Amino acid sequence: MRQSLAADLPATAAEHAGLGALSVLVAVIRRDLLLAMRRKSEVLTSLFFFVIVVSLFPLGIGPEMALLRIIAPGVLWVAALLAAMLSLQRLFAADYADGTLEQMVLSPAPLGLLVMGKVAAHWLVTGLPLVLIAPLLGLQYDLAPQALGILMLSLLLGTPLLSLVGAIGAALTLGVRGGGVLLSLLTLPLYIPALIFGAGAVEAEISGLGAAGHLSLLAALLALSVFFAPWATTASLRIALE
Amino acid sequence: MLTATDLACVRGDRRLFANLGFALESGGRLHVTGENGSGKTSLLRMLCGLSPPEAGDIRWHGESIARQGDEYRKAVLYLGHHNALKEELTALENLRTAAALSGVAVEDAEGIEVLGRVGLAGREELPVRFLSQGQKRRVALSRLLWSSAPLWVLDEPFVALDSAAVTWLAGIVGSHLSAGGMAVLTSHQEVAIASGKAQTLRLTQ
Amino acid sequence: MSNRIINWFRFGSPQAFYPLAGKMVPWFFALAVAFGVAGLWLGFFVAPTDATQGEGYRIIFVHVPASWMSMFLYVVMAFWAGLGLALNTRLSSMMASAIAPTGALFAFLSLWTGALWGKPMWGTWWVWDARLTSELILLFLYLGFIALQAAIDEPRRADKAGAILALVGVINVPIIYFSVKWWNTLHQGASISMTKAPSMAITMLWGMLVMALSFWMYSIAVALVRARAIILERERHTDWVKHAVE
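Respectively, the protein sequence lines represent chains P, L and X.
Residue 123 in this note's numbering sits at position 123 of the first sequence, and the numbers go up by one each step.
Residue 86 in this note's numbering sits at position 86 of the second sequence, and the numbers go up by one each step.
Residue 235 in this note's numbering sits at position 235 of the third sequence, and the numbers go up by one each step.
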């Protein structure tokens, strides 16, 4: 079934509407969400990992509710952190392998914008599900409703932060030997402030001190990373593609 | 007008080439030839601005491409060894996304028309992983039809194409050159491109 | 330090730097030994016995200067790496790579001497106080830098990637330190702090400063030696290296 190839360029090849920054951003997010939906395993892997890790701790420590209530904020946050880190490997790797990342770096659209789009989509696919399922897991540790609320809020502020900062590590280790473990080594120290303030917020709520201080610090870190992380990520991507 | 002066390239320990220069004008094409490993792909990637040269200067309309950044990238279209396609997306989705990521709006109707012209009519809605190698290559080449970039940098564009497609692509490049565009390309095979002032750059070890 | 900066501008190429570094190394080692002897004498013989901690506290004359050096060297390393990235100079990046293992060594030394101090004082080999925990994280940052550079084959890519990591790290170090301090003060557990050394006698401070100087001279000497090795390896296909190793 041979299809004939039209041998001339249309006269209107040069006349196309340009896309504004917002449209480009939306296009990137749509693309990555579409890809994630067609490769469902990715979404579910992080979620299952989160659930499994959280369920492992009582098996290792013992079913005593009083103890579990104390360790709950830390355990839930560490599990979320590990799940986020696991999913970072896939942020740029597929695009790097099939050449689409190269085209993004060559695109006249600002690379920082494209990176923000990819990170946003990554959070929607791997971070947001954690936020939504966390209260359910918190019940396994007998957390009070207010604490569950603060847990969700801390993860809502924290998981985008993890995606943004993690993107730097993911870009630095593209195509590098031992990438997965190296990525963890690079990213975990940078995750520690988020862990401290995130888990700390829930603990503060439980102990009656109020989570406002922790949450505002977390929000401040998020704001800082929204401004600076994309710069570091684009620089790292350009280096990876040299 | 693309000019290169004194370009040098080092990969790991090896100096691939040095003191390389050329000038490419509107309507001109540059054939880069050389054996495997002589640095053809490295040179093309340098011209796109992907890798910085070890030494030397690349200028577009007199200004250094490193300084122009996004402005220069608007003027360049690069097709490398990879097809730059997402296997899970359909040909049409790939085309529209590629355009959107370059800041260009291509509607469904036009996308279907373009895919028809590369010989994929009726296959626009198939996920790319169901297409043959030659068909995938043609989806990648469809970029040439919607882009308005004046400088085409094509690395082995004729690979995986049958003879009819090779003739077609040669025609497309010819039309582009006639319309005032310019092209830098590498290819192992001899391809007759009708128009354009041709230069050859041979990279030797 | 300023002496070295002036030299860089004149000796910015690996080829010119190599012999200069070779001449400087013995001097810095000598200074390191001199300051080290002075510092240890101050620390072990001149400084008075502490009222509450007895003689065992004297390990702070190694522990505290090692901590200072590990933090100082990270900033210096980030500076050279950043310079290499911004100005595209190979030698600056090589310097950063040369400093990293020494910085990691001091971080490890700080942790180890911290443990040696802690055991007789408070009965445990490890205490999660702000200083030690931050030091541990700093060690991870160093190891990450070294591992990243080791994993990337292409030297210029390794230089640039390491530079980004070091710069991101240097911005994060104050944030991490602050968050760890916050974490530490809010939890009742670690009320004992190693940084709360009781009222410092002047001689104690002098002892630590002199030891810090000794470590600094040592770091410079070792970094120069390592930088020379890196130069030889990276420039091995040039003529001058082939002559130098004959």
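There's no promise every hint is true.
[To be verified] Which bits of chain P does chain X cover? Going by a derived footprint, with three or more residues having C-beta under 8 Å, they are:
1. 35 to 48
2. 134 to 141
[Unchecked claim] Chain P is faced by these chain L residues, among others (derived, beta-carbon under 8 Å):
3. Ala66
4. Asp70
5. Lys74
6. Val76
7. Tyr78
8. Lys86
9. Ala100
10. Ser102
11. Ala109
12. Val159
13. Leu161
14. His188
15. Val191
Source of the hints: derived by calculation from the structure; they are not laboratory data.
This one's a predicted model, so the numbers in the text were calculated from it and none came from an experiment.
For glycine and all other residues, C-beta sits at the position ideal for the given N, C-alpha and C.
Each hint tested on the structure:
Requiring three or more residues with a Cβ within less than 8 Å of a Cβ of chain X, the coverage given for the segment 35 to 48 of chain P is violated, as only 0 such residues are present. Coverage of the segment 134 to 141 of chain P by chain X is violated in this model, with 0 residues showing a Cβ closer than 8 Å to a Cβ of that chain against a need of three. For alanine 66 of chain L, the interface hint is violated, the least distance from its beta-carbon to any beta-carbon of chain P being 11 Å, above 8 Å. Interface hint at aspartate 70 of chain L: satisfied, since its Cβ lies 5 Å from the closest Cβ of chain P, which is below the 8 Å cut-off.
Evaluation of the lysine 74 of chain L hint against chain P yields a held restraint, the C-beta minimum of about 4 Å falling below 8 Å. For valine 76 of chain L, the interface hint holds, the least distance from its beta-carbon to any beta-carbon of chain P being 7 Å, beneath 8 Å. Below 8 Å, beta-carbon pairs count as interface contacts, and tyrosine 78 of chain L has one with chain P at about 5 Å; its hint therefore holds. For lysine 86 of chain L, the suggested interface contact is upheld, since its CB lies about 6 Å from the closest CB of chain P, less than 8 Å.
Interface hint at alanine 100 of chain L: satisfied, since its Cβ lies 4 Å from the closest Cβ of chain P, which is below the 8 Å cut-off. Annotation: serine 102 of chain L was flagged as interfacial toward chain P, and the flag holds, the nearest CB pair being 5 Å apart, inside 8 Å. Because the smallest distance between the Cβ of alanine 109 of chain L and any Cβ of chain P comes to about 12 Å, over 8 Å, the interface hint for this residue is violated. The beta carbon of valine 159 of chain L is not positioned within 8 Å of any beta carbon in chain P (closest approach about 14 Å), and the interface hint is therefore violated.
Here the hint on leucine 161 of chain L is broken, as its CB sits about 10 Å from the closest CB of chain P, past 8 Å. Of the supplied interface hints, the one on histidine 188 of chain L is violated, with its beta-carbon coming no nearer than about 20 Å to a beta-carbon of chain P, more than 8 Å. Proximity of valine 191 of chain L to chain P is violated relative to the hint, the smallest CB-CB distance being about 15 Å (cut-off 8 Å).
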